[in-house]
Amino acid sequence: MQPVLKVQSLNKTFNTRAGLFKRKRVKVLKDVSFAVAPGETLAVIGETGSGKSTLARVLAGAEHADSGQILLNGEMIEDNGQQNHDCRHIRLIFQDPTRSLNPGLTIGDMLDDCLRLNTQLTKHQRDKKIVATLSRVGLLSEHYDYYPHMFSGGQLQRVALARALILDPKVVVLDEALSSLDPSVRAQTVNLLLELQRDSGLSYILITHHLSLVRHMSDKLLVLSRGRSVEYGNSESIFRAPKSKVMQKLLAV
Amino acid sequence: MQLLDIKNLTIELPTDNGVIRAVDRVSLSLKEGEVHALVGESGSGKSLIAKAIVGVLNNRWRVTADRMHWQGVDLMRLSPEKRRKLVSRDIAMIYQEPSRSLDPTAKIFEQVAESLPDSCFKGGFFSRRSERREKVKALLHKVGIRDHRRVSSSYPHELSEGVCQKVMIAMAIARSPKLLIADEPTTALETTTRAQVFRLLKSLNQLKNMSILMITHELEEIADWSHAMHVLYCGQMVEAGPTTKVFCHPYHPYTQALVKSLPDYAHGIGHKASFFALKGTIPPLQHLPIGCRLGPRCPQAQRECVVTPDQVKSHGHAYACHFPLLQEKKKCNPC
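Chains as they are written, first to last, in UniProt numbering: chain A, 1 to 253; chain B, 1 to 335.
Bear in mind the hints are in silico, worked out from the structure with no lab data behind them. Do not rely on the hints blindly, as some may be mistaken.
Claimed, not checked - List time: in silico SDA-like cross-link candidates among lysine to any residue, alpha-carbon distance up to 20 angstroms:
#: 1; chain 1: B; residue 1: 279; chain 2: A; residue 2: 136
#: 2; chain 1: B; residue 1: 260; chain 2: A; residue 2: 211
#: 3; chain 1: A; residue 1: 249; chain 2: B; residue 2: 220
#: 4; chain 1: B; residue 1: 260; chain 2: A; residue 2: 192
#: 5; chain 1: B; residue 1: 279; chain 2: A; residue 2: 139
Chain A on its own, in the form it takes in the complex:
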């Protein structure tokens, strides 16, 4: 099957200050490659500073890669730092929904902005789409006029999900989106995500510390260590027989 997202030898370096005038180049991603099929979940795990979040940002287009290619449905969307993708097909969900949503906009306005800036739909079509998306994530059409502070944490995560889904993406990147949630809310959100995946063949890239959740949700697993991919493959088989030291260490604790 044709992978929906294919990443080939992605590299990324950051310049950091090492002294008054000196600059140091820190390699954050070294030669990372993977592929995600439609309806699949790829989990990315690793310690802090292993480049997980940078990978998420590069995929979502918030950051440019130095070299390497990102292919979406066989189409090149990033080639050696040349980006030509809009934020439509790969959407990012952030860690803390209470902080990643604009407190000054109603939910409707926020979702409308996404559509207005990225699509050619008319006002009427946009409103219809927003209501449809809200009901898809289990919210009501009345929530259109609500502000973020009027929601509880679990509902806010649904709003963040609605913002990601409204442009009908093919891939959703969850950057620690499930870690800060309470257990029962997390169970609800996981159920919702899995249901959406079953119904519409979404692909997820799940970045998290939560190993049991990774085991439950993911089909493939990518283990990063200092920007290098140290293990990549079927997640169940990696969990059964981890080969890399990093993964063994993560599983031992």
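Model the placement of chain B on the given structure of chain A, informed by the hints.
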């Protein structure tokens, strides 16, 4: 002997629209050398209870309790000065979000040195300086910071969250307290550092016989090393008892939902199958339901649930539910 004995602790907040009862008649008792876990979702009043024990709650909150005894001394009847003295000698607290609760304008050395009690210095005035340096170094080593020189001369923002957390623990154990209250000490940390912090707390508990009151919402992490567990929902204690009992034979529907929502303990759940989850969301404090606060979300709710259930206690396992779950034989991991 009971170290901490709290009966019917109630924390209320008077507002214009009536009194909000954030914590409703919670009882808790802790023996010396025990690790207790206080489990609940955000907004269930876990941190409030911790702050009420230490006595750092804002004046707006009204704290009442039938008794709040610390080694036989009633904390509620002490004068604020005496209470502060007692609490600072015996109880230490680790706060949430270490990088935010450390002073951003002072170096780590100064902050740790400040938490050292005067009584731990033996030498005279002139040897204080070197003694203090030695003590700080020893403390940092104790919590697993090897590079004490770099850490003690840096500001909190220069350190990672994990190191900040360890510094917080170092400051908390500087007075070697009898009770350590850890308020979500590992939410900000990643798996390996989290394990380190737990190992550290565990060893403190075993070697120094320090009691720990662990506040968390991650059940699975404390399941295997806490002696007892108290489950809170919206400020009500729904179930309390020895950890294995609570885990394997929950009486309360909420506890059962909590246990079942964990991938490790949901038995026979297929890959990518949906978890068991209660419907609805946690009500905000302004709109708490009357009676059993789980009522609107509870699958077993009946008419009687509009009356707050009393706590029933049997064999050290207490629960507050009108219709406790029947016990069925089932396999369970931690048993």
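### Query
Which numbered hints does this structure break?
none
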